[in-house]
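Visitor: Single-letter residue listing:
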Amino acid sequence: MPRKDGRTTTQMRAMSATQGALERADGSVRFGFGDTQTMCAVNGPVEARLREEQLDRATVEAVYRPIIGLPGVRAKEIEAAVQTVAEASLLAGLHPRTLVQVTAQCMSDAGSSVAATLNATAMALMDAGLPLRAVPAAVACAISPEGEVLVDPTAEEEQCARSQHVFAFDNTSQEMVFCASTGKFTAEELAACHDLCRAGAAKVHAFYRVALERKLAEEGIVA
Amino acid sequence: MASFGLVSQVERDFVERGVDVGIRADGRARDDYRPPRVELGLVSQSDGSARCQLGDGTDVLVSVRCELGQADPAADDRGRLAVSVECSPSASQRFEGRGADDLNTELSEAVTRALTGPQSGLNLRQLCIVPGMHCWVLNIDAIVLNYGGNVVDALLIATRAALADTRVPRTVVQEMEDGAMDFEVDDDVENAQPLEHVHNVPLCVTANKIGAGYVLDATLTEELCASARLHVTVNSSGQVCAAQKSGDGAIEPSLLMAMLQAAKEQARRLLEQQDEQIRRHETEIAAKRARGEPVKRPSIFV
Amino acid sequence: MSSSAIVTPGQRLGREHQYRTGPGTYVRNSVIHASIVGTREIHSAAEEGELPTISVTRGREQTTLPQVDSIVTGKVLRVNPRFATVAIMAVGPTACRDEFQGIIRVQDVRATEKDKVKIYHCFRPGDVVRAQVISLGDARSYYLSTAQNELGVIFARSVAGVPMIPISWQEMQCTKTKTVELRKCAKPM
Amino acid sequence: MDRRRVQGPETSVVPFPLLDDAAPGVVAPPLQAGKRAGGRRPEDMRPIFLRTGLISQASGSAYIEMGRTKVACAVYGPRQIKKQQGFSEQGRLYCEFKFATFACKKRRNHQRDSQEKEFSQVIVQALTPSIRLEKLPKSVVDIYVTVVENDGTASCLAAAITAASTALADAGVEMIDLVAAASLAYQQRRPEGDAPTGENTREAGAADLVLAQMPSLGDVTHLLHRGPVDWAQMSRAVEQCIDVCAKIHAVMVHSLREHSAAEQ
Amino acid sequence: MTSPYAFSAETFKRVQPSEYYRKFLEQDVRPDGRAFSQFRKTILNAGCISTANGSAVVRIGDTTVVCGIKAEVAEPTLDQPAAGYFVPNVELGPLCSAKFRPGPPGDLAQVVSERLRKLSEEYIAFEELCIEPEQAAWVVYADLVCLNHDGNVLDACQLALLAALKNARLPEAQIGEDGIVRAGEAFTRAITIKRPILAATFGLYEGRSLLADPNASEEPLLDSLVTVCVDDAEHLHAVWKSNGGRCSLEQLQRCVELARIRFTELSALLESSAADQ
Amino acid sequence: MSEQTFVTPAEVVTSDPSFMRGHGTYQEGKDIVSAVAGVVEQVNKLVTVRPLRTRYGGEIGDVVVGRITEVAQKRWKVDVNARQDGVLLLSSVNLPGGVQRRKSESDELQMRKFFTEGDMVVAEAQAFFQDGAMSLHTRSLKYGKLRNGTLVVVPPSLVLRSRSHFHTIANSVEVILGLNGYIWVCKRATKAPEEMDPDELYANVNEDISNQERETIARVCNCLQALSKRLIPIDYTVLAFAYEASLDRETKELLEPEVIEAVTTEAVARAAMVNE
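Protein chains in written order, with the numbering used here: chain D, 1 to 223; chain L, 1 to 302; chain U, 1 to 189; chain S, 1 to 264; chain A, 1 to 277; chain W, 1 to 276.
Treat the hints as calculated values from the structure; they're not laboratory data. Bear in mind the structure is a predicted one, so any value in this text is a computation, not a measurement. No residue lacks a Cβ here, since even glycine has one placed at the ideal position from N, Cα and C. Just to be clear, a hint being listed does not mean it is correct.
[As the list claims (entries may be wrong)] Some but not every residue of chain A turned toward chain U, in silico, with C-beta under 8 Å:
id, residue
1, S8
2, V15
3, P102
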């Protein structure tokens, strides 16, 4: 049953990424799935406060600002997600006793905003030139009341979905580094979502490459 | 001075030995209480006020404001007291930072403990305007202008005098057509009434344990050498309204009873002196009113 | 002879002239009281004429505080030219639940040629050191010293991250890459 | 409202009882001669359950139940002073007393109010005389008390002091004596041992007394009395509290011995 | 070649925690003697606090959580005029562990509170909490105080929350024409729970070994934490995977199976606690 | 300008360019203008304005009484009732075991064996750091740790600078008039500092004080408080006269305002007679 905006169930919206959007940040990317846009800035490695300093690795500090209102308890859970993705990709051991600050700001939410935030984080870490052992890619999906798995759902699809899922996958081992599924679903549905999102993540990884090549071309480094 | 609150081991030993032989640093005996100097009715814009100066520097100002408030559902036929104690910058600056907060909490709780509940002795029903709806709230605001030791005693002396000086505006209650009760406040100062049973309000005397003995009305240095303090609040019918130990030392039971006894006796003497002074103040006001002179004094320092 | 009975703080153990007071006890107006929960032990005196000593020992480990002259084990957190900051994790044999902060000043690193010490040749962040407390120091940290042979670095990882073994009192060698790094090592016990 | 917690409505209120216009509600049972609600004689104490070591993460801990009053206490330390107070040869005690939000009849909020701050100060002052602080230079011992159920505010404070002292002993902090604390309410002119003094009995002229004492050495470490009472009644009440402290001390010793034996 | 210096076991655990732990796992055993997929002993005691509408105490191993339910009345929100409120909050104070400092809730406490709230949308009947649409609705405050944090707080909190909700009784309330809500003396009305949902948490050590119910000393050494919430009809209601490590689908499905077995254990406990009410 | 002229801030003191500008004044154009409210004083060509009440400024060579507020690296901070705490360096203190002992490493670590927070000390101002803090020393044997008595605090401007600040009253009580307004009243030490063996020098133990001496110390303290309440400049002579004037009354009566009035007026009168 085609979706309201004409996409098939596994078709994702067009992705967009503008890198180096902020002057002051070491790395900054504005990533979007269709109308959903999230800006993420990375600062580091900078000097860590005495209390946070760890002697054998860099301390990662994640901050998430929602689009409306003050950051409350819900923002704190998304911050934990951003922290997970950053810890999964950063080679923290190379910069001991330093601090890496990751600040994400949701610009507009038209569905799968958390996935866009995680992708913006991954790209911002690359834009900041930090040493990474892997680059995660996140894709969201929702199970409609009729039981169909809709990849990269819009806001209304999320609203009336029976359950919502966000998966992030690692570009090297294709294994899951982050997962947040809520609602009512069966184990088989979970497996189905996992596989569909992994396929989606491969597309996102491909998009990373294209976006980076385009940026390097603009800067005249790569012909 | 930067070294407020510091005392050396030798000074502590000097004071303790002095208390043991009954000769304090200023020659007083153990339970000599320096007479407090109290002035009433000196803050014009409050409904009742008093200032108390004690010993070598303690200076406290208390003002009572009557405000209309919502009746407390648990006690809907009574008004209530709201106590708050502040150290003015001159006094608290010497405590620097955290010190002032702990002192404010301790002083506020000591005065609140003496006045809230039945122990204030006041007839709180007099403060009720419309049962369950409106009542008078007596805001008791105290400021410690200068900290010279024995501040809790000064606070209670000033509070009792301020309550005696308080006049509650009269209220006229009418029954409206739809059964709701409404009231008007008669703001003519002349026919505001005094508080009933105000002489029941208790006073506090602090006994400081120094070495193996105790002293009343301690100076600043004596307070620093005291290992424990006992605030005993007593009302004019000789009942102990509140008692509270503070400080980090322990007190032998026998010494504890002796301190309670001495503080109770001294409180009785203070109550008599103060009642005498309040009577003199009342007759003075009555005479002034008879002569048509203004009752309120223009400034605090006149 | 040692009679064991569990005593609690404040419990009277005897009069002053009966025993000498050992750890876990105190005297107040010539009566010996227990100051911790534990078993009472009476050890007969070494030589004649001496009073037996009474002490109370705790079942569980006693959370000891670093005192002057106690040997502590800690991890080096930061190194700057004037001192190395150490997180004290164990006092004597017992590990302490929370870390205390100590510093090894450059003049207390070793006994010989005190003024020619280069501290980064002695300690690196992450090393585990055994040191002796020489003073309660200031409000923030205890003052430690490694100016004896059996004090100094007892565990260190090489740049390659492999545990190293000491080959002299100031050199350690990485077992994998065989590179030699400079440390002020403790003599292996 | 507090951004760091899940948000409820701005204001919420306890619904009024249906009592006034519905059938007359049940009136508190009249006090039989000499007996109190709960059938206890005036000088009886509520049964005490005291257990140490329930909180494994803490250096020392104690959990106490006096009748329905339930208090948990954990001791951490001695550990380094975090805040930048100056150097001190002597150790310091720090206490945080908190009623759980569901502990009292009327729900309390998460932030600590002035009564809880005052109780924290009282607990520090009641325990400091018993601790050998000179053995803990430059360190602080943190005491955290949470009241799980409050059946009488005075009895909560007494239970907290008793539990804190037991927890300190369990943590191995050197002390010259344990501190036992007892609470007591003056009702109808006769002091009664350890009565529940819930908020509503406050108005009925009831006064209460909390007394903390070092049982082996005899010294009183804290006294907190509230409400108008004659002198003779008060001195008798102080003696009665001291007797109750002796009983509570026996329970403390028993639980410390039992747990330290189980430890071996 | 181990280093020539001998450490006491305790000091070795403090100084080199991960080596200490790896030495145990190499022999397929955990420091506290449990098998990899074994949960700690769980104790549940409901209805022990008289001042709360509903209460429960849960101990999983040493982790102890007390849950208290207090109900008050408030005006419903504009966008959901016929729904009551459910406000779960977890207190991870300095009492339960040396890791937490005094003051407002830290990151972990906020994340656990948010997860409990998200989960509650699946089993709380909000419409039954409404007394009078647009005028008055019940506010069910569920406060969970952690008395001892020895790892895996989320499982203990969810079990305590469900037991307390089952134990909770509200008075009959109606709104008078004067707009004031009055409540009866007897506490008879229960809070309906659509379906019991319980959580089970697992840890992955170096991507290989799957450890059930990690305690406080194991938690920092695990490179990923997986929490699975199941109900009585084999449905899943939440799957969270955090910390930076990698986790394959097979490992995730293994967690789901173990979670189902754990659910049967815990729901038996839940029934027995409600029974002896 | 023989009689004492009183000036308020911003009043022109003199516009004669030959005068030199001193404390309490500033230059505006060619006029010397007063910066404080106080009394104009002139020494040859130097014009200064002395304010009535101010925190203690301090000169080199002043004898001051102070309280140790902080123990830092190789130095103690001392509260001397001035704008800033004074500093007592470890090197400017005489160490137990005679003057010639070299300062050793362990001294630095055991600073608290000499002075600790709260200890009272009498010292001499030897220099000023450029931030204005006073550097103190106690190298002479009449300076060092104070014991056997108590402290009286008076406004610093009342203590007159005189030849010696160490006096004895009723040959049993010693008074040290600190120029910074801290006055130490104590029992006259039976053992002179020279005879004290090293560890007694910094001991925190008082000698036994008889009741009579204690009564005298109390009386001297009350006299000092009395003079200070009436803002009467304090030196040895007026204090001795006040003490004698108070002998016919009980010590504690000296707290009452009327008694203070009588004793101080009599003391000032007798002191004035002696000065002529």
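Visitor: Indicate, hint by hint, whether the structure satisfies it.
Guide: Taking the hints in turn, this is what the structure says about them:
1. Below 8 Å, beta-carbon pairs count as interface contacts, and S8/A has one with chain U at about 5 Å; its hint therefore holds.
2. With a least beta-carbon distance of about 5 Å to chain U, the hint placing V15/A at the interface is held under the 8 Å criterion.
3. Given hint, P102/A at the interface with chain U, is violated; its Cβ is 15 Å from that chain's nearest Cβ, farther than 8 Å.
The structure fails to meet hint 3 from the earlier list, while all remaining hints are met.
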